[in-house]
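*Asks:* Starting from the known structure of chain Y, arrange chain R on it as the hints suggest.
Chains Y and R, in that order, are what the protein sequence lines are.
Counting from 1, one number per residue, gives the positions in the first sequence under the working numbering.
Counting from 1, one number per residue, gives the positions in the second sequence under the working numbering.
Simulated from the structure, these hints should not be mistaken for lab results.
Nothing here was measured: the structure is a model prediction, and the numbers come from that model.
Don't take each hint at face value.
Unchecked claim - Straight-line alpha carbon distances no greater than 25 Å define the calculated DSS-like cross-link-like pairs of lysine-lysine that follow:
{"#": "1", "chain 1": "R", "residue 1": "Lys66", "chain 2": "R", "residue 2": "Lys20"}
{"#": "2", "chain 1": "Y", "residue 1": "Lys81", "chain 2": "R", "residue 2": "Lys41"}
{"#": "3", "chain 1": "Y", "residue 1": "Lys99", "chain 2": "R", "residue 2": "Lys20"}
{"#": "4", "chain 1": "Y", "residue 1": "Lys99", "chain 2": "R", "residue 2": "Lys41"}
Stated by the list, open to error - Not the full set, but computed from the structure, chain Y residues with beta-carbon under 8 Å of chain R:
{"#": "5", "residue": "Glu41"}
{"#": "6", "residue": "Phe45"}
{"#": "7", "residue": "Leu87"}
{"#": "8", "residue": "Phe102"}
As the list claims (entries may be wrong) - Sample of chain R residues with no beta-carbon within 10 Å of chain Y, all distances over it, derived:
{"#": "9", "residue": "Ile12"}
{"#": "10", "residue": "Lys14"}
{"#": "11", "residue": "Lys20"}
{"#": "12", "residue": "Arg24"}
{"#": "13", "residue": "Phe28"}
{"#": "14", "residue": "Glu52"}
{"#": "15", "residue": "Gly53"}
{"#": "16", "residue": "Glu63"}
{"#": "17", "residue": "Lys66"}
{"#": "18", "residue": "Leu76"}
{"#": "19", "residue": "Thr78"}
{"#": "20", "residue": "Thr80"}
{"#": "21", "residue": "Ser83"}
{"#": "22", "residue": "Gly108"}
{"#": "23", "residue": "Pro109"}
Every residue gets a Cβ at the ideal spot worked out from N, C-alpha and C, and that includes glycine.
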Amino acid sequence: GQNIDQPTEMTATEGAIVQINCTYQTSGFNGLFWYQQHAGEAPTFLSYNVLDGLEEKGRFSSFLSRSKGYSYLLLKELQMKDSASYLCAVRDGPYNTDKLIFGTGTRLQVFP
Amino acid sequence: GAVVSQHPSRVICKSGTSVKIECRSLDFQATTMFWYRQFPKQSLMLMATSNEGSKATYEQGVEKDKFLINHASLTLSTLTVTSAHPEDSSFYICSARSGQGKDEQYFGPGTRLTVT
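Next comes chain Y alone, as it looks inside the complex (with noise of 0.2 Å):
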């Protein structure tokens, strides 16, 4: 079956550094993405990667290890707006299907 894994909740303090693991099992994989969605909002695009390794993009960067169907997101120098949900989705499937499955999503607060 389909199964991605997140923690439930995470806290962490301003200009601290946070990493939020994610674990799948899908049947296929065709990339690895992460959101971040503020409550009552859609999410919005933070990363993406297919190859195994590290992307960076400012103060976020995300790593991927396929042979162990491990992610995890990095935010450094956190600030209060940063508390959110963070979601991790994997594309199941064919490239041109853009299937996307999410995980149940980390609930981050920032405390000052």
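*Replies:* What follows is chain R alone, placed relative to chain Y:
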């Protein structure tokens, strides 16, 4: 950047009535649009994939006669919740993809449906 809009943003309807939600890609043509449902404190669940000019593909467990999807043009897809019931109350989000070679899905702002 690519913008996707949804209308309405919030809707309250009575049990037994039907509600139509529109999803539009404003500055690009979307060959494929997706409809998701999200219950409180849960993640997004894909309901169906909508391809322009063809029938939608529904996920297992989603009733196609209850959730009618029409993708009549490259910029518009609609989701109609027919004979709505309180358990249909949820956050409905659409996303759009412009075509092959584009990795990203662009999400609309969502529609909060409350059925009384």
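*Asks:* Verify this label for me: R:Gly53 is non-interface relative to chain Y, using a Cβ-Cβ cutoff of 10 Å.
*Replies:* About 16 Å separates R:Gly53 from the closest Cβ of chain Y, which puts it past 10 Å; holds.
*Asks:* Does the no-contact call for R:Arg24 survive, Cβ to all of chain Y over 10 Å?
*Replies:* Consistent with the label, R:Arg24 stays out of reach of chain Y, its closest Cβ about 14 Å off (over 10 Å).
*Asks:* Is it the case that R:Thr78 keeps its Cβ farther than 10 Å from each residue Cβ in chain Y?
*Replies:* Consistent with the label, R:Thr78 stays out of reach of chain Y, its closest Cβ about 17 Å off (over 10 Å).
*Asks:* Would the non-interface assignment of R:Thr80 survive a Cβ cutoff of 10 Å against chain Y?
*Replies:* R:Thr80 clear of chain Y: closest Cβ-Cβ about 20 Å, beyond 10 Å.
*Asks:* Beyond 10 Å from every chain Y Cβ: check whether that's true for R:Glu63.
*Replies:* For R:Glu63, whose nearest Cβ neighbour in chain Y is about 19 Å away, the distance exceeds 10 Å, so it holds.
*Asks:* Is it the case that R:Gly108 keeps its Cβ farther than 10 Å from each residue Cβ in chain Y?
*Replies:* violated (6 Å)
*Asks:* Quick check for students: does the CB of R:Phe28 sit more than 10 Å from each CB in chain Y?
*Replies:* For R:Phe28, whose nearest Cβ neighbour in chain Y is about 14 Å away, the distance exceeds 10 Å, so it holds.
*Asks:* Beyond 10 Å on every Cβ pair: is that true for R:Pro109 relative to chain Y?
*Replies:* violated (5 Å)
*Asks:* With a cut-off of 8 Å on the beta carbons, see whether Y:Phe102 makes it to chain R.
*Replies:* Y:Phe102 check passes; min Cβ-Cβ to chain R is 4 Å, inside 8 Å.
*Asks:* Is R:Lys66 truly not at the interface, in the sense that its beta carbon sits beyond 10 Å from all beta carbons of chain Y?
*Replies:* holds (21 Å)
*Asks:* Given the proposed pairing of R:Lys66 with R:Lys20, does the C-alpha separation stay at or below 25 Å?
*Replies:* holds (12 Å)
*Asks:* Taken at face value, is the distance from the CA of R:Lys41 to the CA of Y:Lys99 at most 25 Å?
*Replies:* OK: Y:Lys99 and R:Lys41 at ~22 Å, within 25 Å.
Violated hints, in rising order: 22 and 23; the structure is consistent with all others.
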